[in-house]
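Student: First to last, the protein sequences are chains A and B.
In terms of our numbering, the first sequence opens at residue 1190 and continues consecutively.
In terms of our numbering, the second sequence opens at residue 375 and continues consecutively.
Simulated from the structure, these hints should not be mistaken for lab results.
Idealized CB from N, CA, C, for every residue including glycine.
There could be a bad hint or two in this list.
[Claimed, not checked] Taking lysine-lysine and the DSBU-like style, the derived pairs with C-alpha atoms no more than 30 Å apart in a straight line are:
#1 K401(B) to K418(B)
#2 K1192(A) to K401(B)
#3 K425(B) to K401(B)
#4 K436(B) to K425(B)
#5 K1258(A) to K1192(A)
#6 K1258(A) to K418(B)
#7 K418(B) to K436(B)
#8 K425(B) to K445(B)
#9 K418(B) to K1192(A)
[Said to hold, decoys possible] Simulated restraints on C-beta separations:
#10 G447(B) to T1194(A): 38 to 44 Å
#11 H1265(A) to V457(B): 26 to 32 Å
#12 S1242(A) to V457(B): 44 to 50 Å
#13 V386(B) to H1265(A): 40 to 46 Å
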Amino acid sequence: DAKTTQPNSMESNEEEPVHLPCNHSTISGTDYIHWYRQLPSQGPEYVIHGLTSNVNNRMASLAIAEDRKSSTLILHRATLRDAAVYYCIPYNNNDMRFGAGTRLTVKP
Amino acid sequence: NAGVMQNPRHLVRRRGQEARLRCSPMKGHSHVYWYRQLPEEGLKFMVYLQKENIIDESGMPKERFSAEFPKEGPSILRIQQVVRGDSAAYFCASSQPAGLNEQFFGPGTRLTVL
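Please work from the sequences and hints to get the whole structure.
Tutor: Here you go:
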């Protein structure tokens, strides 16, 4: 299983962009990079995933390095509701391995 | 379309009792996953099931824990003779068959062992 490294915590101001980094230097060629987030007292929810190309959806954008050893989740305009723990998960089978994630705090 | 449902949401047991946690997957989903989350930690994979089959139980403790996903009815995670260290949030997720499908998580069951 690929090991991931994420900052323990990050802070952002409301309405500003947030870039959440993840290092996954041991990722295999078939692993997709998934991002989930967990709001307080809730189960995780899917955010986005990608393989090699950058991806966009209504929640966020995912920028994947050319060598795939790192990726960055981009929230274009952070809101208070985005305060959560964000998990980066290289994944190619059915047992997702969650690390400690990054706890994002959004200040008004 | 209801999401993943788990019950009970909160469960209190005394040491030595049994805990039964239930998970109803989303409609159309035949794959179920169980995770455990200790306080202030990330989720840890426990088991992956399809209807009537355990596909991967590499994250399950070898003793006291079992899981099933019968042909009819919810998936059950069963913990026998609970100990204080079993106190945690247990999350269930479901997905559509095959491939790298998004997992949809339930709200979790918070187990407290007194």
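Student: Run every hint past the structure and note whether it holds.
Tutor: Tested hints:
Proposed proximity of K401(B) and K418(B) is supported: the alpha carbons are some 25 Å apart, at most 30 Å. Distance hint between K1192(A) and K401(B) is unfulfilled; the C-alpha atoms sit about 33 Å from each other, more than 30 Å. For the hint linking K425(B) to K401(B), the alpha-carbon distance of about 13 Å falls within 30 Å, and the restraint holds. Taken as a hint, the K436(B) and K425(B) pair is honoured in the structure, with Cα atoms around 22 Å apart against an allowance of 30 Å.
For the suggested pair K1258(A) and K1192(A), the alpha carbons sit about 10 Å apart, so the restraint of at most 30 Å is met. Proposed proximity of K1258(A) and K418(B) is supported: the alpha carbons are some 23 Å apart, at most 30 Å. For a cut-off of 30 Å, the pair hint linking K418(B) to K436(B) stands: about 15 Å separates their Cα positions. Distance check on the hinted pair: K425(B) and K445(B) sit about 6 Å apart at the alpha-carbon level, within 30 Å; holds.
Of the supplied pair hints, the one linking K418(B) and K1192(A) holds, its CA atoms being roughly 14 Å apart against a limit of 30 Å. Checked against the hint of 38 to 44 Å, the pair G447(B) and T1194(A) passes, with Cβ atoms roughly 41 Å apart. Take H1265(A) and V457(B): their Cβ atoms lie about 46 Å apart, and the range 26 to 32 Å is violated. The hinted window of 44 to 50 Å between S1242(A) and V457(B) holds, with their beta carbons roughly 47 Å apart.
Between V386(B) and H1265(A) the beta carbon distance is about 43 Å. The supplied range of 40 to 46 Å therefore holds.
In the structure shown, a violation is registered for the earlier hints numbered 2 and 11, in ascending order.
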